[in-house]
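K.L.:
Chain L is fixed; fit chain P onto it per the hints.
Protein chains: 2
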Amino acid sequence: MSLPLGFTASPADLLRTTPGFSLSEVATNAAPGFSGKKHDGAAALAVRAPILAQLQEQLFAESRFSGKRSILLVLQAMDTAGKGGIVGHVVGSVDPQGVQLKAFKAPTDEEKAHDFLWRIRPAVPSPGMFGVFDRSHYEDVLIHRVHGWADADELERRYTAINDFETELAAAGTTVVKVMLNVSPDEQLERLTARLHDPTKYWKYSPTDLDERGYWSDYMDAYQKMFEKTSTPTAPWYVVPADKKWYARLAVQEILIETLAGMNLQWPAAHFDVGHERARLKDA
Amino acid sequence: MSLPLGFTASPADLLRTTPGFSLSEVATNAAPGFSGKKHDGAAALAVRAPILAQLQEQLFAESRFSGKRSILLVLQAMDTAGKGGIVGHVVGSVDPQGVQLKAFKAPTDEEKAHDFLWRIRPAVPSPGMFGVFDRSHYEDVLIHRVHGWADADELERRYTAINDFETELAAAGTTVVKVMLNVSPDEQLERLTARLHDPTKYWKYSPTDLDERGYWSDYMDAYQKMFEKTSTPTAPWYVVPADKKWYARLAVQEILIETLAGMNLQWPAAHFDVGHERARLKDA
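Which chain is which? The protein sequence lines are L and P, in order. Note that my numbering has the first sequence beginning at 1192, numbered continuously upward. Note that my numbering has the second sequence beginning at 1192, numbered continuously upward.
Calculated from the structure, these hints are not laboratory results. Predicted model, so just to flag it, every value in this text is computed and none were measured. There's no promise every hint is true.
Identical copies carry no separate label here, and so any pair may be met within one copy or between two of them.
As the list claims (entries may be wrong) - Here are the simulated BS3-like pairs of lysine-lysine, each with C-alpha atoms no more than 25 Å apart in a straight line: (1) K1416 / K1296; (2) K1229 / K1293; (3) K1293 / K1473; (4) K1293 / K1259; (5) K1420 / K1435; (6) K1473 / K1416.
Just chain L, with the same shape it has in the complex (with noise of 0.2 Å):
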């Protein structure tokens, strides 16, 4: 699969962390492997959609024929850093019926009451579909390390339970594709203070945004130790800058059409006898 015009290099391969990768040492402004302004990466990313789209059809139909295969896409990160944006602008490009789509808000009584991941596992896309968590599991292990809800042990056995269900998820058929959307602060600051002065968007506004806020340096913390900790070969996490809306959009595409492309999805054969069908419809 050839890149699109504009890239230089696949944004999968750079924004995959491997060991050793150093959160503080990447830069939320920059616009890995793409070589275009905004207007070529607003032009490649409607140009590119209809080759997601078709990739997420062929997974789709393989389904409809006991194909068991699935993708996942995680999205993680803090406030502002464009979550929204690639739901509307990467996955709304695809067809709606193959997308089971689910926002993890902050646990019910009944959800605390249970295991993190017992919300978790019904969520999982089936056969065929694209999924999506808006946030996810790794809540668990990022604003509950930040604010200190679990301890340093149980820190670590939800990080082992989170390797071995996403183990088991690749086993079962889903692909699952780990996305921080990485914002710096100042940029932040910039998009809350755009929402205070647009009256179209206060109800995107809470005031407790800007008390998260104040744990940044934790909040990195906690990205980075979840990094090292569950970023796997079968469920690596990638790090996609995010000052630029249009480059974090551009390169979530970009990676998932490089996953989907790598599971070698075909149309599904004719599960009929095309000539006797062919015989029948023009007697119908």
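P.N.:
Leaving out everything else, chain P in the frame of chain L:
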């Protein structure tokens, strides 16, 4: 709200069924209220998409502050009529986060053991959501009537139960928009033939599609009866000519826009002190 370029009258008004409506008297290849051609229709669809998207976002935003309203699009049609295209090209233009799509297949044994509405109720849209039923509880008065799986008394009971159910939905804040895509047998034949000559579409074809085609006039009778029994002022049926896919998409988009516009949606006011938060941000 002004009509889009090319529209000479409101498709919602023209296509809404009223007492005396006769399915056999309406054209399947017409474009009621639209003076343009195919390319004008495609252009109008693209121009109107952001309007639908904004209305959906306002509906979603409202629910974040205890708003209870939602919308439910019910799609029914003969095979190949274009339900999938409506989902992909009309619903697909709004933010996936606000969409709750449910495709109803042949019921499972467990579902069959319950009353027909049992599997429907949990699938109704949550507050703020744009729900879509791809097939629905109406299968229970369509295919069931055609094949005699329900007798006359049972069908009467179901019509009544459906009207009660939809009245209840309306009272709880869900606006129900019911669309029947009206395709001709000739057009269906063309589309089935096309599927049998395109290996990327074999997976969409099933020999049973042809079997159901043999009951065409029985289906039309069942639809006619369904309109008579269940088209109510609260939850009207719209019969959308569907031989021209571009028109069907444009008309459904417009029906949705008109319906949402009629809900007088507003951006929620700030639920915090804007000045105070702006000041906090400056120090953050």
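K.L.:
Each hint needs a verdict: does it hold in this structure or not?
P.N.:
To see whether the hints hold, each was checked on the structure:
Proximity of K1416 and K1296 under a CA criterion of 25 Å is satisfied intra-copy only: 22 Å inside one chain copy versus 44 Å between copies. For the homomeric pair K1229 and K1293, neither the shortest alpha-carbon distance inside one copy (30 Å) nor that between copies (36 Å) is at most 25 Å. For the identical chains of this complex, K1293 and K1473 are neighbours neither inside a copy (45 Å) nor across copies (34 Å), given an alpha-carbon limit of 25 Å. Taking CA atoms no more than 25 Å apart as the test, K1293 paired with K1259 passes in both settings, with 20 Å inside one copy and 20 Å between copies.
When the C-alpha separation of K1420 and K1435 is checked against a cutoff of 25 Å, the pair qualifies neither within a copy, at 28 Å, nor between copies, at 54 Å. In this homomeric assembly, K1473 and K1416 never come within 25 Å of each other (Cα to Cα): the closest approach is 64 Å inside a single copy and 30 Å across copies.
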